[in-house]
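Student: Here are the chains, one letter per residue:
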Amino acid sequence: MREGKQVDVVGLTKMFGALKAVDDLTFSVNPGVVTGFLGPNGSGKTTTLRCVLGLLRPTAGTATIGGLAYRDLPEPIGTVGASLEAASFHPGRSALAHLQVMAMGAGIDPARADQMLAQVGLSEVAGKRVGGYSLGMRQRLALATALLGDPQVLILDEPANGLDPAGIAWLRQLLRALAAEGRTVLVSSHVLSEVQQTVDQVVVLSRGRLVHQGTLAELDRGPRGVLVRTPTPERLRDALHGGSMKVVGSDESGLLRVAGGTTEQVGHAAFEAGVELHELAVEPSDLERVFLELTEGSAQ
Amino acid sequence: MTGLVRAELKKITSTRLWWGLLIGALGFAALQSLVTAVFSGVEAGAGQPTMPGLDTDEAIRAVYPMAMFTGTYMFALVLGITGMTGEYRYQTITSTFLVSPRRHRVVTAKILAHAGMGVVYALLGLLVVLVVGGTAMAVRGYGLGFDAERLWVTMGLAVAAVAIWAVVGIGIGTLVRNQVAAIVLAILFTFLVEPLLTFALAAAEMDWLVKWLPSNASSALMAPGEVLVDYLDWWVGGLVLLAYGLVLAGVGVLLSVRRDVS
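So the protein lines, in turn, are chains A and B. The numbers in numbering that gives the first Met the number 0 rise by one with no breaks, and the one at position 36 of the first sequence is 35. The numbers in numbering that gives the first Met the number 0 rise by one with no breaks, and the one at position 198 of the second sequence is 197.
Heads up, a few of these hints could be off.
[To be verified] Simulated DEER-style distance windows between Cβ atoms: (1) Ala179/A with Leu187/B: 39 to 47 Å; (2) Ser27/A with Phe188/B: 45 to 53 Å; (3) Asp229/B with Leu18/A: 53 to 61 Å; (4) Gly91/A with Leu122/B: 38 to 46 Å; (5) Leu187/B with Ala165/A: 27 to 35 Å; (6) Thr58/A with Gly115/B: 38 to 46 Å.
Hints are computed from structural coordinates only; laboratory data are not their basis. These numbers were taken from a predicted model, which means no experiment stands behind them. Just so it is clear, CB atoms sit at the ideal spot from N, CA and C, and this is done for glycine as well.
Using the sequences and the hints, build the whole thing.
Tutor: Below, the structure is given as structure tokens:
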């Protein structure tokens with residue numbers, strides 16, 4: 000077990016000139032679970048993480064890890080492991096040298112550099128210069144960097160970017176295992192589907208503001224409607240007319256969306272009116288759509 | 000702190016740049032020493048002052064420590080500049096400050112590590128000028144001149160001066176974070192602006208001002224006496240140079256401690 004620490008962001012505001020990148024943001028990240036930090040590009044995720052890590056000075060508010068500001072942590076990378084951009088390596092330095100530099104600076108046994116490279120599957124290219132690495136390899140190196148200090152808290156900014164499907168599956172397992180050990184894991188993404196199967200909790204940002212904190216299930220509004228296919232759509236509309244159910248749309252193939260009722264109710268109404276049906280199904284919930292609606296209007 | 004200094008040294012030696020700069024420094028020092036040894040005491044053309052002969056202490060100091068310094072200091076300066084600006088250019092500054100969020104410690108470690116590299120450059124440079132300059136002097140029939148007055152003291156001071164120029168580079172790098180701009184500015188200043196200022200001010204009888212410029216302070220440290228301008232006392236020159244390095248680096252510390260890293 001590796002006991003995690005709670006990350007608290009309280010009233011955080013960050014201005015860049017006249018631009019308010021983060022606006023009075025408050026949320027907590029708990030140990031033992033994977034928390035998704037979601038929002039479109041430009042919604043303030045990276046700015047928030049940089050404030051948490053002491054790289055940016057907040058205009059107002061605080062960000063603490065286990066009650067301490069990052070710069071006051073006695074063992075910074077032994078407490079928080081972070082990777083912000085996969086690109087931030089010197090292209091002329093090898094992966095091994097990069098990790099050794101960090102280990103030396105933090106007073107960590109440099110032998111851990113080799114272990115971490117083995118853990119992320121980069122042992123074979125450890126001595127090669129990072130300039131020749133693919134984006135996926137850089138992501139793995141960034142993860143090795145974050146794990147170097149065996150941290151209690153892991154903060155990863157868009158770690159799935161550039162990973163192939165096998166890499167994403169591997170990352171998912173790794174993050175779940177780290178959280179199961181009791182660590183705090185915060186993973187940002189602008190694509191919900193990327194982290195949907197990984198995260199237990201989500202913090203959703205839009206234009207620098209918090210729009211949702213809680214479980215993904217809470218975001219799920221349940222089935223959205225009923226999908227119906229009929230050769231006589233007009234007759235179905237008439238049959239439903241006056242009741243609580245209503246045809247709210249159709250796609251090019253003639254599939255109708257009915258709101259306000261269950262499949263049973265729609266089927267019954269059609270049967271009563273003698274309308275022929277070729278298809279009748281529950282329209283599945285669409286988290287991605289809920290997510291888009293929540294974050295609608297964000298920059299980009 | 001030891002760990003941070005070791006990390007900074009590892010940063011320098013784990014990329015290729017320091018080799019290239021070292022080769023440049025040694026080559027330039029060798030050339031400087033050779034040219035000085037060959038032309039010392041040779042009758043110059045009309046109107047040109049004759050350089051002092053190889054039998055003078057002054058010429059021998061010019062062949063050894065002065066040649067080493069002239070060849071090496073610019074490369075040490077560039078090493079210092081890239082030691083700081085490279086972190087911003089490749090965004091490695093993020094992981095550097097994550098490892099050590101108390102940023103003044105990082106800049107201090109950089110200063111110590113680059114001063115150390117300056118010493119390494121200078122010592123290797125001395126080795127080169129001793130071989131090249133010594134050979135040239137021997138070929139011309141003079142001795143090796145190792146008994147020249149103040150020769151070994153001047154060598155020590157020259158080593159210190161190169162180290163300080165590397166520290167000046169760190170200071171410049173914290174002020175101007177764009178690598179190309181910082182290097183171009185530094186080279187323009189030391190190769191063009193400073194010599195021109197020296198000539199112009201010296202011509203205007205303003206020695207009292209010109210002797211405080213960094214290159215002239217370096218020269219004062221190693222070659223007391225009057226050449227073009229009235230140099231400072233050697234120890235004052237050394238202190239002035241050190242002050243340039245520390246003030247620039249100090250400003251750098253203050254700036255980098257408060258600055259946002261994005």
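Student: So, for every hint listed, does it hold in this structure?
Tutor: We went through each hint and held it up to the structure:
1. Ala179/A with Leu187/B: 39 to 47 Å: violated, 59 Å
2. Ser27/A with Phe188/B: 45 to 53 Å: Between Ser27/A and Phe188/B, where Cβ atoms are some 52 Å apart, the hint holds.
3. Asp229/B with Leu18/A: 53 to 61 Å: Given range 53 to 61 Å: holds, Cβ gap about 55 Å.
4. Gly91/A with Leu122/B: 38 to 46 Å: About 25 Å separates the Cβ atoms of Gly91/A and Leu122/B, which means 38 to 46 Å is violated.
5. Leu187/B with Ala165/A: 27 to 35 Å: Check failed, 52 Å falls outside 27 to 35 Å.
6. Thr58/A with Gly115/B: 38 to 46 Å: holds, 39 Å
The structure shown violates the earlier hints numbered 1, 4, 5.
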